[in-house]
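Model the full assembly from the supplied sequences, consistent with the hints where possible.
Taken in order, these protein sequences are the chains called H and D. The first sequence begins at 8 in my numbering and counts up by one. The second sequence begins at 45 in my numbering and counts up by one.
These aren't lab readings, by the way, just hints derived from the structure by calculation. Among the hints, erroneous ones may be present.
Listed next, the in silico DSS-like pairs over lysine-lysine satisfying Cα-Cα at most 25 Å (straight line) [stated by the list, open to error]: (1) H:Lys199 - H:Lys172; (2) D:Lys167 - D:Lys217; (3) D:Lys306 - H:Lys244; (4) D:Lys103 - D:Lys55; (5) D:Lys344 - D:Lys55; (6) H:Lys38 - D:Lys306; (7) H:Lys38 - H:Lys172; (8) D:Lys306 - H:Lys199; (9) D:Lys66 - D:Lys55.
If the Cβ cut is set under 8 Å, some of the chain D residues that face chain H in the computed set are [said to hold, decoys possible]: (10) Arg234; (11) Leu260; (12) Thr287; (13) Ile298; (14) Pro302; (15) Leu304.
Every residue gets a Cβ at the ideal spot worked out from N, C-alpha and C, and that includes glycine.
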Amino acid sequence: MTPLLEARHVTKRYGTNTALSDLSMSIDTSKPAITAVVGESGSGKTTLARMILGLVPPSEGQVLYQGQDMARLSGPQRRQFRRDVQAVFQDPYEVYNPFYRVDHVLTTPVRNFNLASSRAEGRTMIENALRAVGLRPEEILGRYPHQLSGGQRQRIMVARAVLMKPKLIVADEPVSMVDASLRATILTSLRKLTDEMGISIIYITHDLATAYQVSDNILVMYRACVAEAGAVERVVKHPQHPYTQLLISSIPQVSTTRDWLDDEGDQKTAATPSPHGCRFVERCPVAMPKCSTTLPPLYRTEPARAAACFQHEASPELPNGALNEVLTPTA
Amino acid sequence: MNAILKVEGLKVEFEHPLGAVKAVDDVSFALLPGERLGLAGESGSGKSTMALSILRMIKPPGRITGGRVSLDGTELSALDHEGMRHLRLAGIAMVPQGSMNSLNPVIRIKAQFADAFRDHGLKLTSAELETRVAELLRTVGLPPHVANLYPHELSGGMKQRACIAIAICLRPKVIIADEPTSALDVVVQRQVMETLARVQRDLGCAIILVGHDMGLMAQFVDRLGVMYAGRLVELAPIAEIITRPRHPYTQALISSLPSLEKRGAMQGIPGLAPLLRDLPPGCAFHPRCPRAEARCTTEKPAVREVAPNQQAACHFA
Ligand SMILES: Nc1ncnc2c1ncn2[C@@H]1O[C@H](COP(=O)(O)OP(=O)(O)OP(=O)(O)O)[C@@H](O)[C@H]1O
Ligand SMILES: Nc1ncnc2c1ncn2[C@@H]1O[C@H](COP(=O)(O)OP(=O)(O)OP(=O)(O)O)[C@@H](O)[C@H]1O
Ligand code: SF4
Ligand code: SF4
Ligand SMILES: [Mg+2]
Ligand SMILES: [Mg+2]
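Right, dumping it as structure tokens:
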């Protein structure tokens, strides 16, 4: 079956800076799942999201929607794409017009996409979408943006995405502006969208702990490349890339064992970085001589995961383009 | 041991056409010299207001309506404008919420230090300034050339360390850091917190860390205060908070943290934080509390000692 979206050898450059390097993956929404994309600031997460959303064209390679190059979609195909794939961004405040009630951001797509045949039906759809994200319509509708909390505004954005009955939601840092307890509430409602409504989600975050909680698969990005990918349970419990290991050991745990600050953590090593070598070499505690000169490919260390690190070179290489083989569907 | 900072019955209100918002409602605690105290709670619970009111930095429509704060025995309300200005930075230094994004974008880092020194009437020659700034930057692990950069030339972690360096430039006795790492990724967060810990050791000062990440609190602070709707509802040594939280809200905060042990274990706190100008009667937490009983809807629980060094405001704690 043709996947909903496919990235083929996609590279994005800004000037001389490579924001995303030769990524291939497809998003097959026939088996709904949540895929987390995790990595430090500047690793290329938003660049990936914006290309999937068709907001920026790749410098090299192609993004395909239902087998068609995104750059060459027909009018109706483009319209269908704008229903099938929805975006939720970090700070929704700018989406709201302060002079309109929040209803406006919900009624507009209903009208523009003729989602309902009557006003009453539209209203019911909106109420259902709000309930799907854990909001009570009577507490939300009729209010102005400033009368709602940041978490409520963010959930309305998710509700707006749900209204379109999309196949995929791309959520870029949807909870990084809200506090820990609301984070849990919002992410739990995202999980329900996948489990109960069959919507696939790409969840972009720098918070590996929430990624572990809600997603099925994970891509760990480091400086424009995939460092590690696979089933989230395996990757988080037994990280195989030194960068993933660093990320996990950096998370402060609720525990009476206080070793977080004593940890050696991130140390600069003596290795000299080279444009051709492993991008993590300057920070890698286990770097080998060849790491400075050669870029490690992804090695398939287990059926459901791969790591781009020479420590695993005994495992077979995962051909570029076969990333999906290690991302397991849940259903 | 005598407290370095003492807060007694502090109250802050914001005027609002529909009624006063009690953002800090009768909060008391004492900070010991060299101690690390955390202040945790949901967004809007009054943490930043609390922190700002210690330094009397509340602006209208906000107003301190009661309470006393003293530093090392000196009552702050007795200080005049000049005395208060001197106390900021030299006595108590604040790293405000979002400060890394409020560095002045058009002036170099060095000049931001110069501003702080000038504010305190310190006249330094440019050679002296150079040396002091380099030394302060080194304290927070930044190379000296950072002094000549503009804020946008620094990464988030570097900006946050620069803010810490500015805050400590007059060797304060207390540092108040309001969510110093919430915009940073975990690797950088740990570097910044290591910096803060080192600075604290060097200065021998106490720290109040404001935030909502219970994992960070568990790893960093000695004691934790939990705020709900403007009140300090629990205050206890961090190990007690983790192993035996007394207040149901503290328990809920801990459960909302995503664990790395078990998937699907993360639980948000049901319902919404209450409107501060229209609090539920009785215990303000009762509409969301899994342990609420009839009494909770009418009778406001007082803060009481539930164990040595441990206080909580819950009828059943
Ligand atoms: N419009 C742009 N113009 C120039 N450079 C850009 C642009 N957008 C992104 N970049 C660069 O591309 C790289 C990847 O950026 P990207 O925004 O994808 O990172 P990210 O992983 O989303 O980071 P963050 O966690 O900070 O959001 C960075 O080096 C960034 O500076
Ligand atoms: N300038 C202001 N005018 C009116 N109300 C204010 C003002 N500043 C704060 N408040 C109110 O005081 C209460 C406490 O706010 P505060 O910023 O102290 O919370 P916080 O716990 O620091 O939250 P966060 O985690 O979001 O930083 C909130 O209900 C807020 O609406
Ligand atoms: S390839 Fe080498 S430098 Fe890169 S992560 Fe693996 S061991 Fe470290
Ligand atoms: S007093 Fe009652 S409602 Fe309040 S926290 Fe205790 S049990 Fe819950
Ligand atoms: Mg981004
Ligand atoms: Mg605050």
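Status of each hint after checking the structure:
{"no.": "1", "hint": "H:Lys199 - H:Lys172", "result": "14 Å, holds"}
{"no.": "2", "hint": "D:Lys167 - D:Lys217", "result": "22 Å, holds"}
{"no.": "3", "hint": "D:Lys306 - H:Lys244", "result": "10 Å, holds"}
{"no.": "4", "hint": "D:Lys103 - D:Lys55", "result": "14 Å, holds"}
{"no.": "5", "hint": "D:Lys344 - D:Lys55", "result": "17 Å, holds"}
{"no.": "6", "hint": "H:Lys38 - D:Lys306", "result": "23 Å, holds"}
{"no.": "7", "hint": "H:Lys38 - H:Lys172", "result": "16 Å, holds"}
{"no.": "8", "hint": "D:Lys306 - H:Lys199", "result": "18 Å, holds"}
{"no.": "9", "hint": "D:Lys66 - D:Lys55", "result": "7 Å, holds"}
{"no.": "10", "hint": "Arg234", "result": "5 Å, holds"}
{"no.": "11", "hint": "Leu260", "result": "5 Å, holds"}
{"no.": "12", "hint": "Thr287", "result": "6 Å, holds"}
{"no.": "13", "hint": "Ile298", "result": "6 Å, holds"}
{"no.": "14", "hint": "Pro302", "result": "4 Å, holds"}
{"no.": "15", "hint": "Leu304", "result": "6 Å, holds"}
Of the numbered hints stated above, none is contradicted by the structure.
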